[in-house]
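S.K.: Residues per chain, in single letters:
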Amino acid sequence: MIKKSRIVPRSGLIRRIDGPGGRPVEVAWFKDEDRDALLGFYRSLPREDQLYLKDDVTNQIILERLIEHMHEGLALMITAKDGERIVGETTQHFIHHGWSRHVSELRPLMHRDYKGHGIGEIMIHEHIEVASEMGLDKIIVRLLQVQKARRRTLEQIGFVKEATLKDHATDLQGKRHNMIIMSCHVADLWRKMEDLIRETDHPPMASADL
Amino acid sequence: MDRSEIRIAGFGGQGVILAGMIIGRAASIFQDMHATLMQSFGPEARGGACSAQVILGSETIYYPYVEACDILVLMSQEAANLYAQTVRPGGIIIYEEDLVDPALLPGDRKLFPVPATRIAEELNRRMILNIVIVGFFAAVSSTISREAASAAVKSSVPAGTESLNMRAFDRGYEHGRGLLESEGNR
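For the protein sequence lines, the chains are A and B, in the order given.
Counted the way the numbering used here counts, the first sequence spans residues 1 to 210.
Counted the way the numbering used here counts, the second sequence spans residues 1 to 186.
Do not rely on the hints blindly, as some may be mistaken.
To be verified - Within a straight-line C-alpha distance of at most 27 Å, the following computed DSS-like cross-link-like pairs (lysine-lysine) qualify: (1) LYS115/A - LYS110/B; (2) LYS175/A - LYS138/A; (3) LYS110/B - LYS138/A; (4) LYS192/A - LYS54/A; (5) LYS81/A - LYS154/B; (6) LYS154/B - LYS148/A; (7) LYS115/A - LYS148/A; (8) LYS148/A - LYS161/A; (9) LYS110/B - LYS161/A; (10) LYS192/A - LYS148/A; (11) LYS154/B - LYS192/A.
Bear in mind the hints are in silico, worked out from the structure with no lab data behind them.
Here the structure is a predicted model, which is why all the values come from computation and not from measurement.
Sequences and hints are given; from them, build the entire structure.
M.R.: Dropping the structure here:
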């Protein structure tokens, strides 16, 4: 059940992290001034990575529509920037009506050279907090079964595989792939924290290992 | 041998023991020190008295109980009444400023108030007040480094909650640093 459903406008730097070669990468909320850098990022992606985009945002008109969605509270984007260049983004899409209004969908996207530095994890954690604050119960991510590294990352964050859609995606060579839907039950994450505190403060025995 | 005797006390459900575990883990796993943790509980279940004794040392620790407390962390008035006098003169008392009356604390110890509950509430999760305390502890106690403590927090909390827990840790740490700086400028 939705306790509240509102998007608080967010801006500014979330965190600075070391990227490849120790170069600083800034994780921050999207701002309108980023639109050219964002278009450049989408267009610089290899064709197979572009398939992961929900909409063809390499097209400026469609990108403008996404930005409009953000203004309307239908989506929230976090970007990762190396200098002025966007090297990754993660967008959370909200559904404000219907059966799944307690669910949001996350679409993480990272330039290949910047994977493995924990940048994506920071962005996803931030989105989980947003979902939690909004009273959403669940976040889903769609990925291909072959995207094993991405799946591992999501599992480490607390996502679990929920469904497999057989032959649901087609790659550049026309090959069909199974699609996986992974989900994170936001309230459960904090229930685990509550359980941890309760179990450590009131265990049945009087000692614990460090 | 460097040895720090620490007691963290409050009531069940505040994350007292978890705070002790994180401090011990920071020292023993992320800072190449030795650590022990002992815990004790009141007769009640939820909400009862609860305390953790953490010993940190540069060498093997053979006696895991607090004898002369160097650092006391107080998260309830009941804990303050019970333990405030056990801190050695010159020792440190960290206390939750909305839950503990400082007028009742001994004056010849270094007192460090922290609004941990308020900070946790500002972050929309009251349950992470213990993580605010750990951050504050790392800042004012000089026993564990920020890096070690932050790594211990990350490895101790459930997956998916790291981000907010780290924010709580950072807020506690910054509050502690700010307090030390303002004292230094006095």
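S.K.: So, for every hint listed, does it hold in this structure?
M.R.: Here is what the structure says about each hint:
no.: 1; hint: LYS115/A - LYS110/B; result: violated (46 Å)
no.: 2; hint: LYS175/A - LYS138/A; result: violated (31 Å)
no.: 3; hint: LYS110/B - LYS138/A; result: violated (46 Å)
no.: 4; hint: LYS192/A - LYS54/A; result: violated (32 Å)
no.: 5; hint: LYS81/A - LYS154/B; result: holds (24 Å)
no.: 6; hint: LYS154/B - LYS148/A; result: holds (24 Å)
no.: 7; hint: LYS115/A - LYS148/A; result: holds (13 Å)
no.: 8; hint: LYS148/A - LYS161/A; result: holds (12 Å)
no.: 9; hint: LYS110/B - LYS161/A; result: violated (51 Å)
no.: 10; hint: LYS192/A - LYS148/A; result: holds (26 Å)
no.: 11; hint: LYS154/B - LYS192/A; result: holds (14 Å)
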